[in-house]
Amino acid sequence: MNQILDLISNTGFFHLDWRMLVMWGVVGVLLYLAVKHNFEPLLLVPIAFGALLANLPTEGIINKPAGKLLSPTDGTVIAVNVDLRQNVILPKVPKERVSHLTKLGDVNSISTLFAEEAAIENAEEQTLLYIIRPDSLSEGAEMVSVEFNGEPLEVSTEDYLVWADANGRVSRVFLAVGDDVNKGEPLVELHHEHMGGLYHYIQMGILLELFPPLIFLGVGALTDFGPLIANPRMLLLGAAAQFGVFATFFGATLMGFSQQAAGAIGIIGGADGPTSIFLANALAPDLLAPIAVAAYSYMALVPVIQPPIMRALTTDKERKIRMRSLRKVSKLEKLVFALIVTVFCILLVPPASPLIGMLMLGNFLRECGVTERLSKAAQNELINIITIFLGTSVGITMTGERFIKAETLMILGLGVVAFGISTAAGILMAKGMNLCSKNKINPLIGSAGVSAVPMAARVSQVEGAKADPNNFLLMHAMGPNVAGVIGTALVAGYFILLLSGGGH
Amino acid sequence: MLSASITIAASEGVSNLTVFLGFVFVIAVLAFLAGITQVLGFIFARTGGATAAKAPAAPAKPIPAKPAPVAGSEESPELVAIIAAAVHATLGEPHRILSIKRSSDRTWAAEGRREIFRSHKVR
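Residue numbers (my numbering), protein chains in the order written: chain A, 1 to 504; chain B, 505 to 627.
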C-alpha cells in the first residue's frame, strides 16, 4: 500500500499549482491563434509549446548542471548555510528566487521569505546557501531581524541572496562567514552526475546572444534591398518608425521601470522579434519572456493594429497617391550597398555589430550570385532550425511564476502603445516628406517602417488597394520595411551603448 | 546596476535627453546613409547609364505596339499581357513582340513535368 502511495506522490500531479493551470490557458489561446487563425504560426507554435513544457513538472528539460555558484556582488559574506558533502535538493517545480532583497521591497515580505525557508524541515531542501552584504549600503537601507539556519540574523534590505540552482552534493566550500568576496568569485561548488537538461543548453543560444544574429543572417538572405536602394528616401521612413521605441521608453521610465527595462520594452515598437530578444537579454533578462511574447504577438497582429491608425491619419486622396515606379538596381550596386551599410553602421554603433554584421553577410551571400547554396541554407534550413530553438527557448522562460504578474500586463500594454506610435510616426514622416518634395510618397507605406517583414508592407498594399484597386504599393512599402530592420538594430545598439554600462 | 538606476531615478532629465538624442541620432544616421545611397545611385546611373536609363522606358513601348499584330489571333488580351510581361521580365532590354502563336507540340508540358521530377531528386 505504501509503495502505491509513493508511486502516486512521485507523479507530477502533486507539483501542479494554479499558475501553471492559468498558463495552460494562455498556451491554449496562443495555439488557437496560431493554428486556427494563422497568426505567425512559425513562431507562436514553438513559443506556445515551450510555454506548455515550462508549466509542467518536467525533468531533464530545464535543469541546470551542478557547478560553482558565483558571488553577485563585491561585499562580505554574512551567513552561510552549506556544509561539505551535504546534498542539495531543489524543489521539483523550480521556484523563482529573489537574488537581491531590494526586489522584495518591504520588510514584511523579507520576514516571510526567511520564515518560509526556516519552515523547511529537511535541511537538504533549504536552498538559500549564502547571504552577501554589498560593500556600500545606501542611506535608505533598513535592518531586519530574521531567523536563518536556526540562529537569529540581521539582514539589510539591500543584501544579496545566493540560492542553489542545481541538485548536487557540495564538493567544496570556498568562503565562510566574515570573508570578503568579489563579484564573480566562486562561493561553493556542487557536483552531480547529471549534467543538465536539454533546454539548459539550447537556451544558451539566447543567453550567449547567438540566436538573434543567426536569425538575422537568414533575414538578410531573404531580404531584397533593391527597393530601398532605388529610393533611398525610404530610409527616413524606417527611421521615423523608431519614434515609438523612444516614446515608449519614456513612458516606461515614468511607470517605474528601470531605464534598462524601459529600453527593452520600447524596442517592441520596432516590431522586430530577434532584436527585441537580443536587447532584452542584454539589458533586462528578467523581462525576456513577456517582451518576446509581446513582440511576436504584435508582429502577428500587424494586420489588426495598423489599419485603423493608417486610415485615421490619411485622407482618401493621399491613399490614392500613385508612386513612380522604381528603377532597376544592378547587382554591383546591391553589393556595394551591403558593404557600406556594414562598415558605416558598425563604426557608428559598435554594439549593433552582431545584428547588422550578420544581416548584411546574409544579404551579400544572396546578392553576390556565387554562393547560392550558402544563401539557400541561410534562408531555409538555418533560419528554420534556429526559429524552432529560439521559439521554444523563449516559451520555456514563460513559467507561470514569472509570467503571471502585473508587470507582464504593463509590458503587453506598453508594447501595443509603442507599436501604435511607431506606425503613426512612419505615416506622419511620409506626410512631412510630401510637403517638401514634388515626387509624392503614398503615406500608407510609412507604416511599413516598423520592421515586421513583410507583413507590414503587405498591410500597406492591402490598404492602398482598398482606396485604389490598381495601385500597387507592395514594392514601395518594402523600402521602409527593410529600412526599419536596419533602424531597429541601430536603436538596439544605441540602447546597449548607452544603458548597459558594463552592467551585464 | 543598482547605483546606476538610483542616480537615474534622481534625475529624470537624463532620460528625457536620452530619448531625444537617441531618436535624432537614428534619424541622422539613416539620413546620412540615404545620402550615400543616393550618391551611389547617381554614380551607377552615370556609368551604367545606357542600360539603366532605358529600362524604365521599355515596358511602356511594346505594350501599346503589340495588340495590333496580335489582334487577328484568337488569344485573349489577358494572355497577351501575361506573355508580354514574361518576355519583358526575361529579356529586360527594349523589344517588340511581333506575333504570338500557339505551338502544337507538347514541349512545354514535358518541360514542366521534367522540372517537377527534378525537384524531387535527392542531391
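Hints are not guaranteed to be accurate.
[As the list claims (entries may be wrong)] Coverage of chain B stretches by chain A, computed from C-beta distances (three or more under 8 angstroms per stretch; other residues unrestricted): (1) 524-535; (2) 538-545.
[To be verified] Keeping only pairs whose Cα atoms sit at most 25 angstroms apart, straight-line, the calculated DMTMM-like set for lysine to aspartate or glutamate is: (3) A/Lys331 <-> A/Asp316; (4) A/Lys328 <-> B/Glu597; (5) A/Lys376 <-> B/Glu597; (6) A/Lys92 <-> A/Glu124; (7) A/Lys334 <-> B/Glu582; (8) A/Lys68 <-> A/Asp224; (9) A/Lys95 <-> A/Glu117; (10) A/Lys431 <-> A/Glu381; (11) A/Lys183 <-> A/Asp224; (12) A/Lys103 <-> A/Asp83; (13) A/Lys376 <-> A/Glu158; (14) A/Lys331 <-> B/Glu582; (15) A/Lys376 <-> B/Glu619; (16) B/Lys605 <-> B/Glu615; (17) A/Lys68 <-> A/Glu142; (18) A/Lys68 <-> A/Glu139; (19) A/Lys95 <-> A/Glu158; (20) A/Lys466 <-> B/Glu615.
I should point out that these hints are in silico values taken from the structure, not numbers from a laboratory. All C-beta atoms in this analysis are idealised placements derived from N, C-alpha and C, irrespective of residue type, glycine included.
Hint check, failures only: Numbers 3, 5, 7, 8, 10, 11, 12, 13, 14, 17, 18, 20, in rising order.
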